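Chemist: Spelled out, the chains give:
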Amino acid sequence: MPLPGDHPPSESKENSLLRRWTGPLTTDLVQNPGKFGLGRIPERLVPNATTTVVCGFCSTGCGLNVHLRDGEAINLSADTTYPVNLGMACPKGWEALTPLSAPDRATAPLLRDPVAGTETPISWRLAMETFVSRMKAIQQRHGPTSIAFLSTGQMCVEEMALLGGLFKFGMGGLHCDSNTRQCMATSHVAYKESFGFDAPPFTYADFETSDTLVFIGANPCIAHPIMWQRVLRNPNQPQIIVIDPRRTETAMNASLHLPIAPKSDLVFLYGTAQALIERGHVAHEFVRAHTTGFDAFAQFIKPFTRERVLSESGLDGDTFDHWIDLLVRGQRVSLWWTMGVNQGHESTRTAQAIINLALMTGNIGRPGTGANSITGQCNAMGSRLFANVTSLFAGRDFKRETDRAEVAGILDIPTSTIPSRDSWAYDQIVDGIDKGEIRGLWLIATNSAHSWVHQERLQGLFKKLDFLVVQDLYHSIDSARDAHLILPAAGWAEKDGTLVNSERRFGLVKKVRRAPGQALSDFAIFKLVAEAWGCGSLFERWSSPEATFQILKSLSQGRPCDITGIRDYRHLDDSGGIQWPFPEGAPTQADGSPETERRLFGDGRFYTPDGRARFVYENPRPLPEPTCAEYPFVLMTGRGSSAQWHTNTRTGKSDVLRKLYPEHAYVEIHPDDAKALGVGPGEKVEISSRRGSLVVNALITPTVQPRQLFLPMHYDGVNKLTHSSFDAYSRQPNYKHCAVKIRRA
Amino acid sequence: MSVAPSFESGSRPAEPAPPLAKALVAEPVVPLPRSQPLQDVQGFEADAGRSNVSSLIDIYLQEQRQLTAVERFSQRHTSQAEHLQARYYKELLPATAPKPGQQYAFEVDLDRCSGCKGCVSACHSLNGLDDNETWREVGFLVGKEKRPTPKGRRIPLQVETVPAIQTITTACHHCVDPGCLSGCPVLAYEKDPVTGIVSHLDDQCIGCTYCVMKCPYEVPKYSPKRGIVRKCDMCQGRLAVGEAPACVQACPSVAIAIRVVDVEETRHRAVQNEFLPASPDPRITLPTTRYLTKREGLEVDAADRHRVVPQPGHGPLVALLVFTQLAAGGFIAAGLLDSTSPVRPILAAAAWIALQIGLASSVLHLGQPLKAWRGFLGWRRSWLSRELIALSGFAGIASGLTLAVWHERLPLVSGLLAPISPLLQAVANSPLSWWLTGVAGLVGVFSSVMVYVDTHRAFWSLRETSLRFFGSSLALGTTLAWTISHLTQGSASNTLAKVLLILGTIRLLNAATLLRARPDSSLAKTVTLHLHHFGRTTLAWLVCWMVGGLLAPLAALGGHASAATCLLAFVALLMGDLLERRLFFTTVSSIKMPGGTI
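Chains as they are written, first to last, in the working numbering: chain A, 1 to 745; chain B, 1 to 598.
If you are wondering where the hints come from, they were derived from the structure by calculation, not from laboratory data.
These numbers were taken from a predicted model, which means no experiment stands behind them.
Keep in mind that a hint or two might mislead.
[To be verified] Cβ-Cβ distance ranges computed for the label pairs, FRET-style:
id, chain 1, residue 1, chain 2, residue 2, range
1, A, Asp316, B, Asp520, 33 to 41 Å
2, B, Ser493, A, Gly678, 33 to 41 Å
3, A, Val328, B, Arg295, 49 to 57 Å
4, A, Asp672, B, Arg295, 35 to 43 Å
[To be verified] DSSO-like mimics (lysine-lysine), calculated; alpha carbons at most 27 Å apart, straight line:
id, chain 1, residue 1, chain 2, residue 2
5, A, Lys463, A, Lys399
6, B, Lys99, A, Lys675
7, B, Lys592, A, Lys684
8, B, Lys498, A, Lys659
Note that the Cβ used here is the ideal one computed from N, Cα and C, for glycine as well.
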C-alpha cells in the first residue's frame with residue numbers, strides 16, 4: 001500500500017564530502033523486506049524461517065512468531081494469526097528471548113555446601129548419583145514420604161506429568177506441590193465443587209461479545225494486557241465494572257469502579273445475590289433445569305442485606321444500586337476474577353459466590369457470559385489437569401480405587417505404585433519441614449524463598465533440610481542460596497512441550513534456542529532421575545515430550561478434558577492451538593482443526609454426576625489478621641507492572657524491561673496517610689508486620705485508599721510481611737490482607 | 001548469547017567413575033549435613049544402571065543442541081510477501097501524503113492506552129536496537145479527573161472527582177522546529193520536506209550530544225558503544241512502503257496512529273500550550289504529536305515530578321569552557337598592559353597554552369572526533385557550530401599574535417620567520433592586534449554562552465550563563481595577570497586585586513542567590529542537586545572562590561601581596577571555576593516528558 005507521493009527513504013541519497021548519508025553506522029539499522037510476512041525489518045535480523053511458539057510467561061498464552069536463522073531464534077514478533085493475541089504482545093512477550101542469554105544462567109550441575117559457601121561444578125552423572133543417593137538415604141532413614149518437591153506452573157505439561165509420575169509412582173514419594181498453589185488452587189477447587197470438574201468455561205471471544213464485563217480482583221490492563229486488548233475489541237460499548245480496593249489502570253478504564261474494602265468481597269457478592277433476588281433477577285428456568293441448591297442458597301443469603309454490604313464494603317448506597325442495575329440490565333454478563341479473589345483466606349467460597357451469580361442469572365454457556373477465572377501462569381491450567389499432584393492424572397482422584405486402576409492400566413504400571421492418599425499442600429509441606437517430617441526437598445522452576453508468605457520463616461526452614469535440590473535456569477535465584485545441589489535447566493524455547501492457557505487452549509513450545517553449557521530440559525532431567533533412581537522402565541514409553549503428549553491423550557480419554565482428537569504437535573501448531581475438550585471424532589472445520597473459539601456448558605450440562613451445577617456457599621470467616629491499634633494498615637500485594645513477572649528472575653534480565661518498571665521496591669500509599677507520616681514522594685518508609693519489616697520508597701497516590709498499602713510482589717522482601725494464612729479448601733495463601741504499620745525510615 | 005564452554009561428549013571434563021559408595025567418599029566436595037551411612041544406600045549397585053545413565057546423559061546433551069522446529073512444523077509464511085500485520089493497522093495510517101504545509105505526526109489516544117508498554121518493546125525488537133536502547137518511552141501522569149458519578153442515574157449531570165493515572169507513551173515528536181536539528185553542528189539531522197519526519201544521519205554524527213541537550217523531550221539517545229546518537233525516525237522506511245511504524249503495528253489497544261497534521265495548526269496549538277500537561281513548553285520546538293483524550297477536568301502532574309536526577313558532568317566540556325575563557329581573559333589582560341611590559345609576552349604565552357588545553361580537551365568529548373572537522377556546517381542555526389568557528393577564529397588569531405610576540409625568542413622559528421620579522425614585530429606591538437584578539441576571545445565566550453542558553457533550561461539562562469562564563473574570563477584573566485606580574489616583577493598593581501575582589505564578590509553573591517532559590521521556583525531541583533547530591537563539591541567550589549576571590553585579594557590589599565598569595569588565588573580560582581562548571585552541568589534540571597512511577 002504505497003502512499004500517494006511516495007518518497008524515497010533518505011538513506012538512498014549519495015554521500016558527499018560534507019554529508020555522509022550512508023556508511024556502516026547507517027547500515028546497522030537499514031531495513032529490508034523481512035519476508036515471511038514480517039514487513040520490513042533490519043537487514044541483519046532478516047530470518048530464513050519463522051515458527052510460532054506460545055509465550056512462557058502468563059496464562060494468556062500468546063503466540064509469538066519466532067524469527068529463525070538456521071533453526072535458531074534471533075528475534076521474535078507477535079504472531080499475527082494466532083487466535084489468542086491477534087498480532088499483539090505485551091513487553092514480556094516481546095522480550096521473551098532476552099532472559100535466555102543472561103550471564104547468570106546455570107550451565108553445569110553445581111554441588112554446594114551452603115554452610116562453607118563452596119560450590120563445585122560437577123558432571124551430570126555425579127549430580128544424578130548425588131541426587132539419588134541422598135534422596136534414597138533420606139527415605140531409608142525417615143520413610144518414603146520424607147522427600148518432597150515444589151514445582152511450578154511454568155513448565156510444559158509433559159514435564160509436569162513426567163515429574164508427577166516419576167515422584168509418585170517411581171520414587172515412592174507422596175508430598176509434592178507447585179507454585180500454582182499460590183495462583184490457581186482456589187479456582188481449581190471452586191470449579192471442581194461447583195461444576196464437577198476444574199473447567200473454566202470461557203473462551204477469549206467472550207471478552208468481545210459481552211455487554212457487561214465484571215472484573216473482580218483483576219487488573220488485566222497490567223496483569224493480562226492482551227486479554228484487555230480483546231476487551232477493547234468489544235463492539236458493544238460494554239459496561240465495564242471493576243471491583244477492586246485500588247483504582248487500578250483497569251478501574252480507570254471502567255464505566256464503574258467499586259472500591260470495596262479489602263476482603264469484603266464475599267459479603268459484597270452474597271449481598272449482590274440477595275439484591276438480585278429482591279429485584280427478581282433470577283433465571284428460574286435455567287436454575288431449575290441445570291443447578292441444584294438454589295433455594296437453600298436463597299435462604300442462606302437473606303441476612304446479607306444492602307445495609308450489611310454497605311457497612312462492610314464501604315460503598316455508598318447509590319453506587320451499590322447502580323451496580324445491581326447494570327447486572328439486571330445486562331443481557332450477556334461475564335464475571336472475571338483472578339488473584340484478588342484467589343489469594344484470600346476464604347477464597348474458594350468467594351470464587352463460588354461469583355459462580356453462583358452466573359448460575360442464578362443464567363449467565364453461563366452463552367457467548368459473552370460465564371464465571372471466568374483468569375489464570376496466572378502460562379501452564380497453571382496444564383498443571384491442574386496433568387501434574388499428578390493434587391489430582392491423579394486428568395482430574396482423577398488418588399483416593400478412588402477405580403481411578404487408580406484406570407491410570408495404572410493406561411500407563412501399564414502396577415496399581416500398587418499409585419498412592420491412595422492425597423499429597424500435602426504447599427503450606428503443609430513447609431510445616432512438614434519445620435516438624436522434621438520432610439528432610440529432602442526438590443525445588444523446580446520456582447523461587448519459594450522469595451514468593452512464599454512469611455518469607456523469613458521459609459528461608460530459615462530451608463537451612464534445616466538435609467538435602468535441597470534446586471533445578472532452575474539461573475544459579476543466582478534466591479532459593480538457591482541454601483541449595484546443596486543445583487541442576488541447570490533449559491528454559492522456555494529451549495525445549496518442546498505444550499502449555500495450556502486460561503481458555504483451555506493447548507499451545508506449543510518449541511526448541512528454537514540452544515541451552516547454554518550443559519543445561520538440560522526439565523524433561524530430560526526427570527528422565528535421567530528416573531533412570532538413575534532405577535525406575536526408568538516405568539517411563540519407557542515417555543521417550544520424548546511428544547510421546548508423552550500421546551500418553552496424556554490416552555489419560556484424558558473419556559474425561560471432561562478429553563484431547564484424543566488432537567493428532568500430534570503438528571496438529572496443534574497448524575490449528576493455532578486447540579482448546580480442550582477435543583475428543584476424537586469431535587466436529588472440525590474443513591481443514592481438520594476445531595472451531596477456533598469454543599466455550600463450555602452451552603448445553604447446560606455440567607460435569608457433576610447429575611449434570612447439574614451446585615450452589616456452594618458458607619458463612620464468611622473472620623479475617624486472619626485484622627488491623628489493630630499497633631498495626632493499623634491493611635497490606636495488599638500484587639502485580640506491579642506489565643514488564644515484571646513474579647519474582648523477577650527472568651524479567652530482571654532484560655535491559656528494556658528494567659527500564660519499564662521502578663528499580664527499587666515501592667509502596668503505594670494514600671496522600672492523606674503520607675501527609676500524616678510526614679513522608680514526601682519517593683522518600684523511604686519502613687513497613688512492618690508481626691513477621692518482619694521492609695524499607696521501600698513511597699509512591700504517594702490517591703489510587704489506594706487511606707489506611708491501605710499496596711506492595712508490588714516482584715521485589716524481594718515483600719513476603720517478609722505477608723501472613724501465613726490459607727483458604728481452608730484450596731490452601732491458597734492469603735497475599736491480599738494482613739496488618740502492618742508504617743513509618744518514615 | 002553468552003554460552004558457557006561446550007560440554008558435548010568428548011570435551012567433557014574427565015571424571016572418576018568409582019562405585020557409588022566410593023564416589024561419595026572419594027569426592028567429599030561438599031560435606032553434606034547429617035550424612036547417611038553409605039552402606040545403606042541402595043540403587044546404582046549395578047554397573048549396567050550407571051552406564052545407562054551415562055549414555056542417556058550423552059544423548060540428552062546432544063539432543064539439547066539439535067534444533068529441528070523448521071523441519072518438524074509447517075512453514076506457513078514462507079511465500080508470504082505482504083505484511084501480515086497490515087490487517088490491523090490500515091486505518092492507523094494516513095490515506096494521503098501530506099500536502100504543502102502539512103506533515104506526518106504521531107497521534108496517541110490516551111483514552112485507549114492502558115499502560116501495557118508493548119510499544120517500547122516492539123520498537124526495540126522490530127528496529128533491532130541495542131540491548132539498553134529504547135526509542136519509545138513511557139511515563140505517567142497522576143492526579144485527579146472528573147467522572148460522571150453512578151449517582152448520575154438520578155441527577156444526570158452530577159460529577160465526582162476521582163483519582164487518575166495515565167500512561168504517556170512518547171517517542172520523537174518530529175517537531176516543526178526541531179531543537180536537535182537546529183543545534184546539530186554537522187547537519188546530521190534532516191527534516192523531510194514532504195513528510196516532516198526528523199531523521200538522523202548516523203554516519204554524519206560526531207557524537208557531540210548537543211542534540212541531547214537541545215531536545216526538550218530527551219529523544220536523541222547517545223550510544224557510547226557507537227559514539228553517536230540515534231533516534232526514532234517514525235520508521236520512515238516502513239511508512240514509505242505503506243507499512244506502519246513498529247509502535248503502531250504493535251499497540252494492542254490501537255492507541256497510536258500516524259496522521260497528517262497542519263503545520264500552522266501545530267504552531268497555533270503550541271502557542272496556546274495545547275500539547276500535554278506536565279511536559280516541556282511546546283513553543284520551543286513545536287512538537288507535532290497529538291495526545292487525545294475525551295476525559296474532562298484532568299488535573300494531573302508527572303509521576304516523577306519530584307525526582308531529582310544528576311545530569312552528566314561532561315568533564316571535557318568543563319575544561320573547554322574554563323580554559324578557553326581563561327585564555328580570552330588572559331589575552332584581554334595582556335592587551336591592557338603596556339606594550340613594553342615584560343609581563344605581556346608571558347601572559348600571552350600562558351593564555352595561549354590555556355587555550356590549547358581547552359581546545360584539545362574538547363575533542364575528548366566527541367564520540368567521533370575524526371569527523372569533527374565538519375562542525376562548521378551548521379553555522380546558520382547551530383550555536384555549537386558558531387562556538388566552534390568563534391573559538392577556532394580566536395585560536396587562530398591568538399596563535400598568530402603569540403607567535404608574533406615570541407618568534408624572535410624561539411630558536412627554530414626565529415630563523416624561519418626572519419624575513420617577515422618586522423611585520424610580526426609590528427603586529428605584536430600594534431594595539432589593534434591585541435584588541436582584535438581580545439574581541440575574538442569575547443566572541444568565543446559569548447558563543448559558548450549561547451550554546452547553553454539555546455537549550456531553554458531554566459538554570460542555563462542568559463543572565464546566569466553570561467555571569468559565569470564572562471565571570472570566569474575576567475576573574476581568571478585578572479588573576480593570571482596578577483600572578484604573572486608578581487612572579488616576573490615581584491609586585492603587581494593593587495588595581496588587579498581590587499578588580500578581583502569586586503569580581504569575587506559579585507560571583508559569590510550570585511552563587512548565594514542561586515542556592516537560596518525558593519523551593520517552588522524552576523531552580524528548585526538545581527538547588528537540591530547542589531546541596532544534597534553534590535554538597536561537598538558545592539562547598540569546595542565556594543571555599544575556592546572565597547579563598548581566591550575574597551581572601552587573597554583582601555590579603556594583598558592589606559599589605560600581604562606576594563607571589564604566593566597570587567599563586568594561591570589563581571590556583572583556588574581555577575579549581576573553583578572547574579568545580580563550578582562541573583556543577584553547571586551536573587545540576588541542570590532537564591526539561592522532559594512525564595516519567596516513571598517514582
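Chemist: Of the numbered hints stated previously, which ones are contradicted by the structure, given in increasing order?
Modeler: 2, 3, 4, 5, 6, 8
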